[in-house]
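Asker: Here the structure of chain P is known, so what remains is to put chain G in place on it, guided by the hints.
Just so you know, the protein sequences line up as chains P and G, in that order.
Anchor point for the first sequence: position 129 equals 129 in our numbering, and the numbering is continuous, going up by one each time.
Anchor point for the second sequence: position 101 equals 101 in our numbering, and the numbering is continuous, going up by one each time.
Check before you lean on any hint, since a few could be wrong.
Per the computed footprint, the stretches of chain G lying under chain P, defined by three or more beta-carbons under 8 Å from a beta-carbon of chain P, are [claimed, not checked]:
1) 162-173
2) 192-203
3) 272-283
4) 383-389
Here are the simulated SDA-like pairs of lysine to any residue, each with C-alpha atoms no more than 25 Å apart in a straight line [as the list claims (entries may be wrong)]:
5) K97(P) with N115(G)
6) K28(P) with E390(G)
7) K365(G) with E31(P)
8) K404(P) with G380(P)
9) K97(P) with K28(G)
10) K114(P) with D327(G)
11) K362(P) with T373(G)
12) K97(G) with G273(P)
13) K97(G) with T299(P)
14) K114(G) with K114(P)
15) K28(P) with K28(G)
16) K362(G) with D327(P)
17) K362(G) with E118(P)
18) K216(G) with D327(P)
19) K362(P) with G273(G)
20) K114(P) with G273(G)
Bear in mind the hints are in silico, worked out from the structure with no lab data behind them.
Every residue, glycine too, gets a C-beta built ideally from N, C-alpha and C.
Protein chains: 2
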Amino acid sequence: MDDNMMEYNVSKLTSNLYLLRFKDTSTKYFEGLWEIPEGIMYNSYVYTSNEGAIVFDTWKMGLGNEFLEALRNIVDLRDVRYIVVHHMEPDHSGILKTLVEKADPIVLGHPLVKNMAESFYSVSMKFRPVKDGEEIVFDDEKIIFYHTPWLHWPETIMSYITSWKILLTCDAFGSYGVFKEVWADELSGEDYERYLWYAKKYFANVIGIHYEWVVKNLEKLVSRGVTPNLVLPSHGLLLRGDPLDYMYKKYKSWGHGEPEQGKTLLIYTSMYGFVERTVKIIREYFSGLNQDIDMIGFTDSNRPSISDVIGKAFDAENIILVSATYDADLYPLMKHIASLITRKTPRGKKVAIIAQYGWGGKAGKILEEMMSTQGFKVVGVVEFKAGEEERYRDKIIGLIESLKK
Amino acid sequence: MDDNMMEYNVSKLTSNLYLLRFKDTSTKYFEGLWEIPEGIMYNSYVYTSNEGAIVFDTWKMGLGNEFLEALRNIVDLRDVRYIVVHHMEPDHSGILKTLVEKADPIVLGHPLVKNMAESFYSVSMKFRPVKDGEEIVFDDEKIIFYHTPWLHWPETIMSYITSWKILLTCDAFGSYGVFKEVWADELSGEDYERYLWYAKKYFANVIGIHYEWVVKNLEKLVSRGVTPNLVLPSHGLLLRGDPLDYMYKKYKSWGHGEPEQGKTLLIYTSMYGFVERTVKIIREYFSGLNQDIDMIGFTDSNRPSISDVIGKAFDAENIILVSATYDADLYPLMKHIASLITRKTPRGKKVAIIAQYGWGGKAGKILEEMMSTQGFKVVGVVEFKAGEEERYRDKIIGLIESLKK
Numbered sequence: 001m002d003d004n005m006m007e008y009n010v011s012k013l014t015s016n017l018y019l020l021r022f023k024d025t026s027t028k029y030f031e032g033l034w035e036i037p038e039g040i041m042y043n044s045y046v047y048t049s050n051e052g053a054i055v056f057d058t059w060k061m062g063l064g065n066e067f068l069e070a071l072r073n074i075v076d077l078r079d080v081r082y083i084v085v086h087h088m089e090p091d092h093s094g095i096l097k098t099l100v101e102k103a104d105p106i107v108l109g110h111p112l113v114k115n116m117a118e119s120f121y122s123v124s125m126k127f128r129p130v131k132d133g134e135e136i137v138f139d140d141e142k143i144i145f146y147h148t149p150w151l152h153w154p155e156t157i158m159s160y161i162t163s164w165k166i167l168l169t170c171d172a173f174g175s176y177g178v179f180k181e182v183w184a185d186e187l188s189g190e191d192y193e194r195y196l197w198y199a200k201k202y203f204a205n206v207i208g209i210h211y212e213w214v215v216k217n218l219e220k221l222v223s224r225g226v227t228p229n230l231v232l233p234s235h236g237l238l239l240r241g242d243p244l245d246y247m248y249k250k251y252k253s254w255g256h257g258e259p260e261q262g263k264t265l266l267i268y269t270s271m272y273g274f275v276e277r278t279v280k281i282i283r284e285y286f287s288g289l290n291q292d293i294d295m296i297g298f299t300d301s302n303r304p305s306i307s308d309v310i311g312k313a314f315d316a317e318n319i320i321l322v323s324a325t326y327d328a329d330l331y332p333l334m335k336h337i338a339s340l341i342t343r344k345t346p347r348g349k350k351v352a353i354i355a356q357y358g359w360g361g362k363a364g365k366i367l368e369e370m371m372s373t374q375g376f377k378v379v380g381v382v383e384f385k386a387g388e389e390e391r392y393r394d395k396i397i398g399l400i401e402s403l404k405k
Numbered sequence: 001m002d003d004n005m006m007e008y009n010v011s012k013l014t015s016n017l018y019l020l021r022f023k024d025t026s027t028k029y030f031e032g033l034w035e036i037p038e039g040i041m042y043n044s045y046v047y048t049s050n051e052g053a054i055v056f057d058t059w060k061m062g063l064g065n066e067f068l069e070a071l072r073n074i075v076d077l078r079d080v081r082y083i084v085v086h087h088m089e090p091d092h093s094g095i096l097k098t099l100v101e102k103a104d105p106i107v108l109g110h111p112l113v114k115n116m117a118e119s120f121y122s123v124s125m126k127f128r129p130v131k132d133g134e135e136i137v138f139d140d141e142k143i144i145f146y147h148t149p150w151l152h153w154p155e156t157i158m159s160y161i162t163s164w165k166i167l168l169t170c171d172a173f174g175s176y177g178v179f180k181e182v183w184a185d186e187l188s189g190e191d192y193e194r195y196l197w198y199a200k201k202y203f204a205n206v207i208g209i210h211y212e213w214v215v216k217n218l219e220k221l222v223s224r225g226v227t228p229n230l231v232l233p234s235h236g237l238l239l240r241g242d243p244l245d246y247m248y249k250k251y252k253s254w255g256h257g258e259p260e261q262g263k264t265l266l267i268y269t270s271m272y273g274f275v276e277r278t279v280k281i282i283r284e285y286f287s288g289l290n291q292d293i294d295m296i297g298f299t300d301s302n303r304p305s306i307s308d309v310i311g312k313a314f315d316a317e318n319i320i321l322v323s324a325t326y327d328a329d330l331y332p333l334m335k336h337i338a339s340l341i342t343r344k345t346p347r348g349k350k351v352a353i354i355a356q357y358g359w360g361g362k363a364g365k366i367l368e369e370m371m372s373t374q375g376f377k378v379v380g381v382v383e384f385k386a387g388e389e390e391r392y393r394d395k396i397i398g399l400i401e402s403l404k405k
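Chain P with its partners taken away, still in its complex shape (with noise of 0.2 Å):
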C-alpha cells in the first residue's frame, strides 16, 4: 500500500461504532466532473456487538483488498450480519459485490438497491428491502431507517441509531478534502473555514440540483423526532457540537435557496483581454462603494476550477456574466458553465449580463435565454463592441445597480 495515495484510518467513535475512512488523493474529478485537488474521503461506519456487526457503506470501487484490510481490524469477516447501503452510487457501494462475497451478510437498503447492485456488480446477494421509518433491532440498539431521496440518489435512505443519537446521512452534510481530523470541531481558525467551504462547495456541486429535497427531508426527519447529536455523513469530516449546529443550519437555509445577502459573483470569459477591460470597470465601482465582489476569469492564461465556480455560484445574491461571442454565437465555455449553474444553484438570483462582440452581438441574447428560461431573474443585458467599454461605462454602471433594486 503506498501510505501516500491509499492511506486509510480506522477510529473508534463509540464503544461499539468504528469509522472506516479512506483518503483518497488520486481522483482529480469527483464524479468525473468536479476539480478536487483538496482530494476526498470516503467513511465507511461499522457496528459491533455481540450479536455481529453491521456495516454501514463501503469505499469507492476498486478498493475491495484496502476496505477488507481495514474491517478485519475491527471485525472477523464471517460476523458482517448486514450491510447497510444508503445509496447506491459507486463511492459508498463499491465493495458491495466483495463484502458480500467474503462475509454473506444481509444486505440492507432502498428497495431500488436491489436490481440496481445487480446490474451494477452483478452480484447474487441476500437482499432485504427497508421501508421508510422500518427499525431493527440488533443487540437491544434500535436502528431505524429513514427514506431521504434526492440526497442525492433517488433511493437514499439514513440510519439512525437511536440510543446514541447518531444520525448516518450518507451523502448529505458531506465534504471535499483530506484532512487527519475525524470531526469537524477539531479545526480552528484556516482549516475550520476551508473545511467550510469545502462543505458549500461539495453541496452545490453535487447535491445542488437537489437542493429543495434537503428541506423536505430534514423536516421529515424533525417530525419523526430525529435530532442527532452526532451526524456521520460519508464524505468528509463528522459533525457534532457547533458545527453540526451550524451546517444543519446552513442546510436549511441553502435548501430554501437563501443566498447570502449582498454576495455579488463576477463570472468572465475573455479571448483576447477586452472582456477583462470591462470587468475593471466593475471592479473600480465595486471598490468605490467599499464592497467586495468575487471574480472568476476564464482567460487564455487561466482556467479556474468549475467546482469552484458553482461552489461560488450557490449562496451568490448576484451574478455577474460577462462574455465574449465566439462564432456568432455564446463563447462555448460560458455556455458550459451558464448551463452548470442553471442546473446547480437556486432559481430566482439576479443576473446581469454583458457580452462583448467583434463582429455581432447574439451572445447576450442567448445567455438571457438562456438563464431566464430557467428560472433566473435577468435585470438586463448590455452587448457591445469589444474595445468600447468606456463609451458604455454608464450602461454597464447602470446594470450592475439594477442588481440592488
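Answerer: Quick look at chain G alone, frame taken from chain P:
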C-alpha cells in the same frame, strides 16, 4: 526580455520579404478555449523597397515593445508606408495602434476593418479600404488583395505578391506549435507528422465551423489565377514545395468535409468506470477485426484536451459517443463536447450513441437529438443500466457494425 517566454526571430525570406515571428509558449488556451501545450507562433511579414516598407499583420495584443524591436531590425519605423490588416482578430492586429502611433502608415484592409479597429483599439488612422481584387503597385511590385470571408472572420483578406507568387493567407494554412524551423519542408519524420497534426487541429479548432468557405475561397483564388509558390500563414510554419501541395490538397478535402475513410473516433465520459467496461468491449471488437480505433476518455483521473478531441473529430468518418447519465440528463462534459463537435466538424458524419445510467435512461435521447438536429447521421442509440454491458454486448456490436452500412 525573457528568452524562454518572449522569444522572437527575424528571418529573410526573399531579397525584400522578412518574417517577424513571435514564439508564444505562455498562452495556454488559444482563443481562451483550446489547450495548446505545444504553443503557437505569430507571423508578421515585412516587405521592403526603395519606396518604404509594408507590414502585413502584427502579433498578439500586448507584445508592442517586442514587435517594434523586431521591426526596427529591418526598417526605420518612419519608412513603414502601409500596414495590411488581414483580419482584426487581436492575435494579428494587436500591435496596430502602437504601429500607427509610431509610424503613421496607411492602414489597408477590408472595409469593415475601420470601424472594428476604432472600437477595439481607439485608434485614429489613415485607413484605406481595399476592394476584392484591388491591387497596389509599390516599387514596381504588384500586390493584389482578395476578400476571403469566413477564414475565419468575415473581414478576412489575403495578399498576393504577384512577381514572387507569394500568398499571405492569414489564419488559413496556419498551425499550432513552436518550431525553430521557418518552413514546413525543413521538417522530417516525427517532427513533420507532428506539424501536420498541429495544422489539422488548428484548422478544426479555429476555422472548423466555416469549413465550407475554404472551398469557396480557394476556388475563387484559382479562378483569379492565384497559384502561389509560397504560402505564408500568420501562425506556424511557412509552406512551399511538397508541404504546400499537401496542405492545399488537405484544405480542399477538409473544405468539402471529406472524412478519412474508415477513421473511427470514440469519445467517452465515465464517472465510476462502468462506461469504460463498454469501451473495452468495443476496443476488443476492433482489435479482433485488426482495425484501428482512436479512443478518448474523460474520467475521474483524466481530462483530455478538447482541442485534440475536435482535431480528431474533424476528419473522422464515424464517431462513437459513450456517455454516463447525470442528474437524469446528459453528462455535462459530454454535452459540452458534443456541442463543440456539432459546431466545429462537418455535418453528415455517422454517429453511434451509447448511454449508460444508474436510475433511468435519458442521456441517449438527448444526445441523439443534439447530433441529429445538427445534421449528423445517428445510426442508432443503445442505452442500458450501468453494469449490464455484457447483456447488451450483441446490441453494442450491432450498433458499431451499423456504422459501416
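Asker: Please go over all the hints and tell whether each is borne out by the structure.
Answerer: Now for the hints, and whether the structure bears them out:
{"no.": "1", "hint": "162-173", "result": "violated (count 0)"}
{"no.": "2", "hint": "192-203", "result": "violated (count 0)"}
{"no.": "3", "hint": "272-283", "result": "holds (count 3)"}
{"no.": "4", "hint": "383-389", "result": "holds (count 4)"}
{"no.": "5", "hint": "K97(P) with N115(G)", "result": "67 Å, violated"}
{"no.": "6", "hint": "K28(P) with E390(G)", "result": "29 Å, violated"}
{"no.": "7", "hint": "K365(G) with E31(P)", "result": "21 Å, holds"}
{"no.": "8", "hint": "K404(P) with G380(P)", "result": "12 Å, holds"}
{"no.": "9", "hint": "K97(P) with K28(G)", "result": "44 Å, violated"}
{"no.": "10", "hint": "K114(P) with D327(G)", "result": "20 Å, holds"}
{"no.": "11", "hint": "K362(P) with T373(G)", "result": "21 Å, holds"}
{"no.": "12", "hint": "K97(G) with G273(P)", "result": "15 Å, holds"}
{"no.": "13", "hint": "K97(G) with T299(P)", "result": "22 Å, holds"}
{"no.": "14", "hint": "K114(G) with K114(P)", "result": "68 Å, violated"}
{"no.": "15", "hint": "K28(P) with K28(G)", "result": "20 Å, holds"}
{"no.": "16", "hint": "K362(G) with D327(P)", "result": "30 Å, violated"}
{"no.": "17", "hint": "K362(G) with E118(P)", "result": "21 Å, holds"}
{"no.": "18", "hint": "K216(G) with D327(P)", "result": "19 Å, holds"}
{"no.": "19", "hint": "K362(P) with G273(G)", "result": "39 Å, violated"}
{"no.": "20", "hint": "K114(P) with G273(G)", "result": "20 Å, holds"}
Of the hints listed earlier, those the structure fails to meet are numbers 1, 2, 5, 6, 9, 14, 16 and 19, in rising order.
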